[in-house]
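Given chain A's structure and the hints, the job is docking chains B, C and D onto it.
4 protein chains.
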Amino acid sequence: MRPLWAVLSDALTPEPRVRSVPHIWHWRDVRPRILRAGALVTAEEAERRVLMLVNPGLDGRPAATATLFAGIQLILPGEVARTHHHTPTAVRFIIEGEGGYTTVSGEKGPMRKGDYLTTPNWTWHDHGNEGAQPVMWLDGLDIPFVTNLDAIFYEEFGEERQPVVKSVNDSIRRWGSNLKPSWETPEGSYSPILNYRWETSRAALHGLRGDKGSPFDGIIMEYINPYNGGPTVPTMAAYLQLLRQGEHTHAHRHVASTVYHVAEGGGYSVVGGRRFDWEEGDTFVVPAWTWHEHAAEQGEAVLFSFSDRPILRAFGLDREEALAAGRQG
Amino acid sequence: MRPLWAVLSDALTPEPRVRSVPHIWHWRDVRPRILRAGALVTAEEAERRVLMLVNPGLDGRPAATATLFAGIQLILPGEVARTHHHTPTAVRFIIEGEGGYTTVSGEKGPMRKGDYLTTPNWTWHDHGNEGAQPVMWLDGLDIPFVTNLDAIFYEEFGEERQPVVKSVNDSIRRWGSNLKPSWETPEGSYSPILNYRWETSRAALHGLRGDKGSPFDGIIMEYINPYNGGPTVPTMAAYLQLLRQGEHTHAHRHVASTVYHVAEGGGYSVVGGRRFDWEEGDTFVVPAWTWHEHAAEQGEAVLFSFSDRPILRAFGLDREEALAAGRQG
Amino acid sequence: MRPLWAVLSDALTPEPRVRSVPHIWHWRDVRPRILRAGALVTAEEAERRVLMLVNPGLDGRPAATATLFAGIQLILPGEVARTHHHTPTAVRFIIEGEGGYTTVSGEKGPMRKGDYLTTPNWTWHDHGNEGAQPVMWLDGLDIPFVTNLDAIFYEEFGEERQPVVKSVNDSIRRWGSNLKPSWETPEGSYSPILNYRWETSRAALHGLRGDKGSPFDGIIMEYINPYNGGPTVPTMAAYLQLLRQGEHTHAHRHVASTVYHVAEGGGYSVVGGRRFDWEEGDTFVVPAWTWHEHAAEQGEAVLFSFSDRPILRAFGLDREEALAAGRQG
Amino acid sequence: MRPLWAVLSDALTPEPRVRSVPHIWHWRDVRPRILRAGALVTAEEAERRVLMLVNPGLDGRPAATATLFAGIQLILPGEVARTHHHTPTAVRFIIEGEGGYTTVSGEKGPMRKGDYLTTPNWTWHDHGNEGAQPVMWLDGLDIPFVTNLDAIFYEEFGEERQPVVKSVNDSIRRWGSNLKPSWETPEGSYSPILNYRWETSRAALHGLRGDKGSPFDGIIMEYINPYNGGPTVPTMAAYLQLLRQGEHTHAHRHVASTVYHVAEGGGYSVVGGRRFDWEEGDTFVVPAWTWHEHAAEQGEAVLFSFSDRPILRAFGLDREEALAAGRQG
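Those sequence lines, one after another, are chains A, B, C and D.
Start counting at 1 in the first sequence, then tack on 1042, and there's your number in this note's numbering.
Start counting at 1 in the second sequence, then tack on 1042, and there's your number in this note's numbering.
Start counting at 1 in the third sequence, then tack on 1042, and there's your number in this note's numbering.
Start counting at 1 in the fourth sequence, then tack on 1042, and there's your number in this note's numbering.
Only chain A is shown next, with the shape it has when bound in the complex:
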């Protein structure tokens, strides 16, 4: 037993005391390191060969923000990352390579540059590379969130690859065209679509380029679960956003924390007063309640991002504020 009053002003602060900090990981630095990791450890030894993007403010914990994990995963030609499942949910955005795949719940989904895939809570999954080049992608998971709930469970499947019982693109054929098969009902509260393909998503984004869009994010679209219209997985929202040439958005902040990845082009963001220049392949983080704005002054850019917004919204805890001055100093 301890007195609350000694710590109350520390526990209940006027605004969140956010420990994670704005940070960027440049692909020019990340790529050689993850490839070097490929030489040092096999996929089998590693279980998952992932370099974690550890937030410098979080004392080495495997976390990019208070709730989100981010990492870069590599699968070399011929390798398999064996089948397991866990309660944390993963989202993945493919950075480089041809011939990669993820099998989730019996469906083998090809992974091509720009594709967005999900691996929901407790679904069996394994990855492989049937191509001739390394395959690399961004992994986003809610590990810190699930860990803080004392809700981590993990299990191995027992065989390297799970049986593939569905045909390629099965889920996109069932659910990808605003129709649904009437004779079946998806299980779970996550999107029945395994792979949101880059060409489709990118075309959708460019289709709205004539719109005004969001003052804070330009043309920004959220990947949705066609079975309920919500986010693709219950804990994380994923977005694709187009910054048009010369666009410089207004600054805002929200409680939801976000990991951004540069899918195309270059530009910069001002996050918490610091400028981060970015180009294709870079990953950066905007912590909770931190001012941020984006600029693509030299050419167009497309950003992928994922955030913990659905968690906050479930409990009325998200807030958003526009910067009165429009942009940070």
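Note that these hints are calculated values from the structure, not bench results.
Some hints here could point you the wrong way.
Since the list can't tell identical chains apart, any single copy or any two copies may satisfy a pair.
Claimed, not checked - 20 Å max Cα-Cα, derived SDA-like pairs, lysine to any residue:
1) Lys1254 <-> Val1207
2) Lys1155 <-> His1296
3) Lys1254 <-> Val1210
4) Lys1254 <-> Ser1224
5) Lys1155 <-> Thr1242
6) Lys1254 <-> Val1206
7) Lys1155 <-> Val1122
8) Lys1155 <-> Gly1307
Since the structure is predicted, the reported quantities are computational estimates derived from the model, not experimental observations.
Leaving out everything else, chains B, C and D in the frame of chain A:
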């Protein structure tokens, strides 16, 4: 005041006493008549030039089943069916013609053969034909249902055409690819998509042709509202179904009543013990709680249909029963 | 096939063309007739000894409004109205008598003056009278609505009384105090509470007498389903409203049609321009889209009512309008 | 950047690695200490005079489990704990004293022994004691959970007491009897009821004493939000449970962590293999995924508890397992 006991067995029957009857309207009969109507009355005079498919069991009421209206609408080249709105909701399936369009809530949507469009409750809409040939489609409305609720409202816009304030395919670009624009929220409880295009829907249907599908309906898909995963409009569900060559489904019955339209191919259905042969363009009706089975023994067929299932489901009133014998004698 | 344009202005009217009319059934007329019915027919012969309150505008159909049935039921001492179930849902408001009961799904619920009970879709139910005096109540059902959907099913249980497997007041003990038993989940989409007791409901109503309340209805409360906060049954909303001495509400109209029953006191309502004076035991009807206002100028009054509002709301079809002049001429 | 494979088996464990431990705080120890605190610090100095029940496994963090805070609050006669609000939500269970009150959103609610009150996210609240004796209660908050989301906001009202704009028991009168006022809609996603009164709740619990109840918890009821049937606040579920004389429940475990408080009687629980004897006023904690069983072998007991179950359920993360052996060794 009257005694219930004199009418109780009449009011509370063991099974529904359905007055609408199975019936088919052949396109070879319908087409010349609706074209003749085009010669007799202008679109302006008619407000809507529609031949109603009146169920013979319903005493001439404008109804195909107890809850659903069906009709065939014609717009001649250069004509406009002026802007109005009403509380009944319409679904439309395009049968023939090029150059037709419907404008709903400021979006002008092209109507091509096989397209499925919706005109929800109280949305302004006008139709036109900018092509060189007659444009004809199937109209499905919940007029009998809304009438029975004493909830009919109708209003004219005042101008022939409403202003078009959105670009062509605006809604499919916003909502058609399993992403949604983050900066806006659709109004209403209906699908934000105006036009479900035939080439997309047909491809989705054929994409599942390797599935077993439903024993009663073959490969059947429901058009869905991407904003909530439900039917495209609150009162009616719309489907597209593929009957593969040689397929003859099992018989079942359900409380939901259905209007079918032959989108492609030919075959027959046995409805309430009677065989109805059909070919492209035909429309037939399966009343509530009536056994029905479908056959495409000569070649493939695609059926479009709409039903009042969402109304029944909203109140726990739908039931489905499989015929023990498999098929009707 | 028939031309829509010949009937379009008849089918799609600017406002609903409501056939049911405002009407009142005075208890002083109803009571002797239902008692006389008790002398003419036994409960066994009648299945249910109910005098229907037939709306004069509806050509003798068993309906009080387009969607709602209302009737007065009598059970004499020692009688049993045998067990059956049907897809129409019933609500009941007890008018007179001691010793009546309804058994629903194995729970036997006492029926006392002012109690509100429900008998949802397809639940087995039987009634009886274990007292020494006639028991009479108002029955409200969605029979016209369910009939119009071709969804009537009816079945007899086979025994006069169903087994009573729950203790008296079982459901109110489980669900009546804003707590719920954690080890069970109610079936169905209707309230788990069988009997909303008069003393509780009346006390709640009087507890808010200091409020301003609704300008159109005074202190009006809706009976709710504690499992989901919605109406007690999916198709009908039921209300209790207090008109304080001297209160004369403003006129409004809405698409929802309503059957009112005077639970206590006297006053009058102006419905569709006609004044209806009422006193305890009277039942009157406000059809869809009809102006109505209530007055309790001599003393306090409590009105019970039920309406089809949940049906209209499910499809965005309810509308409400206040009379600009405040009250009808 | 750091290698995931070095920490993967640490991050993704087969079962949760729970750091909080089973623990009990006896009222005989707590009471003198909180009273001593009353002598050492004023309510004004303390902002809130609360002794935290700090879990020994959590390194001194203000937390009873990974997600839940528990504390004992004292208000002395005449004192006021001034008005503030914060994003963490509080639930309160009154232990001792007469004359205490909490004002939430303008409603002043009396606090009597056994009452359950809520103070949802961002609602203004102040406490006071208008009696002659100390008032003490158990505070439960989701502070650790909200802190882990970087979502703490806190603000002072500026005046000691907020204006009381509603009458005593306003919310229970509006919402406590399974009716709701039709002219208003509650704001927020929490229960509109401020105070769940002991006499009502206890009577409900005893009303089900004849039931079999839950094998793991006896007669256990959850306080519910009458507006939606869910828990009283979005993040925490609160329960009252009756252990009948001689009852010894089966052991189970679940991911949801729970803080228990003994409202009446005595007995013991076996938690994680350790026996904790308890009597009225004691508080004990069952961490996530920890076996627990309860026994009231000498007489009856009533336990109040609150848990983070709604958080886990929102994301499909709760699991429950029965101990095969029935009870722990």
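Hints, one by one, checked against the model:
Taking the closest pair of Cα atoms, Lys1254 and Val1207 come within 20 Å of each other only across two copies (14 Å); inside a single copy the shortest separation is 44 Å, beyond that limit. In this homomeric assembly, Lys1155 and His1296 never come within 20 Å of each other (Cα to Cα): the closest approach is 30 Å inside a single copy and 41 Å across copies. Taking the closest pair of Cα atoms, Lys1254 and Val1210 come within 20 Å of each other only across two copies (17 Å); inside a single copy the shortest separation is 37 Å, beyond that limit. Within a single copy, Lys1254 and Ser1224 get their C-alpha atoms only as close as 37 Å, which misses the 20 Å cut-off; across copies the closest is 12 Å, which meets it.
In this assembly of identical chains, the alpha carbons of Lys1155 and Thr1242 lie at most 20 Å apart only when taken from the same copy (12 Å versus 24 Å across copies). With identical chains, the CA atoms of Lys1254 and Val1206 are at most 20 Å apart between copies only, with a shortest distance of 18 Å across copies and 44 Å within one. With identical chains, the CA atoms of Lys1155 and Val1122 are at most 20 Å apart within one copy only, with a shortest distance of 19 Å there and 47 Å across copies. Taking identical chains as interchangeable, the C-alpha atoms of Lys1155 and Gly1307 lie at most 20 Å apart only when both belong to the same chain, with a minimum of 14 Å there against 40 Å between chains.
Violated hint: 2 only; the structure is consistent with all others.
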